[in-house]
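Numbering (my numbering), first residue to last: 5 to 520.
Check the hints yourself; a few may be wrong.
[To be verified] Computed beta-carbon distance windows for the label pairs:
#1 E110 with K58: 28 to 36 Å
#2 Q283 with K463: 42 to 50 Å
#3 T459 with N38: 40 to 48 Å
#4 E426 with E110: 45 to 53 Å
#5 T60 with L11: 34 to 42 Å
#6 A317 with Q397: 54 to 62 Å
[As the list claims (entries may be wrong)] Listed below are the simulated BS3-like cross-link pairs for lysine-lysine, each with C-alpha atoms no more than 27 Å apart in a straight line:
#7 K324 with K18
#8 K355 with K65
#9 K432 with K382
#10 K48 with K282
#11 K48 with K35
#12 K404 with K474
#13 K486 with K432
#14 K65 with K329
#15 K248 with K214
#16 K248 with K203
#17 K344 with K18
#18 K474 with K463
#19 K453 with K486
#20 K66 with K35
#21 K358 with K404
#22 K256 with K282
#23 K249 with K324
#24 K66 with K344
#25 K48 with K344
#26 K474 with K437
#27 K249 with K329
Quick caveat, the hints were computed from the structure, so don't treat them as lab data. Backbone N, C-alpha and C define an ideal beta-carbon position, used for all residues, glycine too.
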Amino acid sequence: MEIITKLNDLSPLKLAAQCIIGRLSSEDYYKDINYRENIKSLVKSGICGFCIFKGTTSETKKMIDELQSLSEIPLIFCADFENGLTMRLQDGTAFPHAMAFGKADEIDLTFQCAKAIAEEAKAIGINWNLAPVCDVNSNPDNPIINIRSFGENSEIVESHSNEYIQGIQSVNVLSCAKHFPGHGDTAIDSHLSLPVLNKSREELFALELKPFINAINNGVSSIMIGHLSVPSFDDSCLPASLSKKIISSILKEKLGYNGLIITDALDMNSITSNYSNKQAIELLFKSGADIALLPPDCSEAINTLESLITNDADLLEQVKISVGKILEAKKWCGLFDENKQQINLNELAEKNGKLALKVAIKSISIFGNRELIPIREKISIGGFAFIPDDDIQPGVLFFKMFAQALDNDCDFGFINDEISGEDLQSLKEGVSKSDIILLAFFYRAKAYKSTINVTDKIKHIVSELSENKKTIAVLFGNPYLKETINADTYLLTYSDSLPSIAASIVTLSGRQLFID
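Please take these sequences and the hints and turn them into a complete structure.
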């Protein structure tokens with residue numbers, strides 16, 4: 005099939021379609037024929053591409069290759085691979101979260117790991133990593149950013165986000181600085197409702213905007229606009245993603261950014277609870293965005309934009325500029341190349357696994373009574389995994405690895421807010437003869453969760469279990485729990501990824517690892 009590369013060849017429908025990115029899962033694609041036919045229909049309409057969720061790397065690659073063969077214009081596939089392919093897929097190399105990189109604070113490692121993630125993405129046909137998070141996590145109660153940020157210090161976020169961007173782009177994969185103009189100082193998850201960033205312009209330029217300005221100055225491929233209201237920039241309280249004052253006046257004109265501009269996902273409640281699909285599409289493109297990410301109905305979004313540009317000559321010219329940038333980005337990624345570079349994902353696994361573990365080990369922080377770590381003698385240990393949801397796998401993995409590493413008996417149980425008083429009493433009796441209580445907390449930022457803090461009930465349970473006992477708390481995720489959890493020693497990993505779990509075991513057991 006002949007590939008259209010010239011802007012003038014595109015009809016208003018094709019122009020509109022090139023500005024839309026839909027949601028795609030290989031799991032659904034191969035098990036649901038109606039879903040599959042709908043995706044193929046969007047491809048034939050000329051959609052820009054898709055954002056990948058769920059599935060295996062092999063099935064995802066197979067699906068991408070199939071859809072590329074059907075597309076007149078090469079598709080771009082993107083994903084949130086902030087800490088590796090496993091953030092969205094079942095396999096690939098798991099890396100620690102961004103805050104672990106900030107704590108390790110070795111920018112060369114950040115570059116190498118970002119490059120490694122990009123190589124793995126490219127190996128399965130994904131040419132756009134929607135990362136890094138450039139938000140400065142200045143609010144400990146932030147339920148959605150937290151360890152996804154490089155830290156609370158803007159200089160750390162600037163330096164590591166820049167290395168991450170350069171690492172991604174070094175292998176011709178697009179990067180994306182998000183969530184402009186800064187989602188770090190909020191206490192509301194924008195998947196649930198619209199956060200408000202109540203700061204003056206001076207404060208925003210002094211903190212939130214600094215990593216984005218640095219990214220712009222260093223050639224970031226794209227910027228994602230967040231769903232948050234910023235009254236000092238736009239007193240209408242429109243979400244930044246739909247605000248002309250923020251996208252055009254601040255980002256484009258004041259900061260001089262002329263790269264790709266993409267919205268955050270339009271199927272999030274902060275948008276869908278306040279705007280129809282058509283309203284959101286009209287507002288975001290009239291505000292100066294180039295790409296609408298994950299509209300609830302892609303076909304409706306394409307038809308809405310086609311109608312708008314057919315009846316608005318100025319908007320048509322703006323969309324042509326956007327599509328020109330999109331096609332140039334696809335060309336830069338090599339999507340128009342006839343002989344594309346082939347990368348074997350399996351050949352990257354060993355090298356990348358070592359890289360991930362190196363970062364995880366270097367990021368470990370210990371506070372409090374350091375004499376309790378490492379645990380060298382054979383003693384009785386009572387372990388508890390605190391989980392805010394139904395995902396018990398990280399807890400099971402941690403305690404199994406822990407018992408094997410120390411060659412020690414370690415009885416462990418799971419605790420959440422639903423535990424009864426009777427069950428708690430039983431747990432207390434079970435660890436009555438334990439020498440050390442080991443508490444593992446798996447609280448981290450997840451979409452559609454209103455908080456990542458522990459409840460008063462959990463605090464009480466911790467106090468009950470640790471009474472008159474030497475206690476070690478391992479925080480796999482939210483590091484700010486250190487201020488609310490009662491323990492003698494705190495071990496912080498800044499991630500619940502596999503390498504971070506392994507690094508915690510190495511630290512607790514005192515084992516030496518030699519990584520090339």
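Hints and how they fare:
no.	hint	result
1	E110 with K58: 28 to 36 Å	33 Å, holds
2	Q283 with K463: 42 to 50 Å	44 Å, holds
3	T459 with N38: 40 to 48 Å	42 Å, holds
4	E426 with E110: 45 to 53 Å	49 Å, holds
5	T60 with L11: 34 to 42 Å	37 Å, holds
6	A317 with Q397: 54 to 62 Å	55 Å, holds
7	K324 with K18	11 Å, holds
8	K355 with K65	21 Å, holds
9	K432 with K382	21 Å, holds
10	K48 with K282	22 Å, holds
11	K48 with K35	21 Å, holds
12	K404 with K474	21 Å, holds
13	K486 with K432	22 Å, holds
14	K65 with K329	25 Å, holds
15	K248 with K214	21 Å, holds
16	K248 with K203	19 Å, holds
17	K344 with K18	25 Å, holds
18	K474 with K463	16 Å, holds
19	K453 with K486	20 Å, holds
20	K66 with K35	14 Å, holds
21	K358 with K404	21 Å, holds
22	K256 with K282	24 Å, holds
23	K249 with K324	21 Å, holds
24	K66 with K344	16 Å, holds
25	K48 with K344	22 Å, holds
26	K474 with K437	12 Å, holds
27	K249 with K329	21 Å, holds
When each numbered hint is compared with the structure, no violation occurs for any of them.
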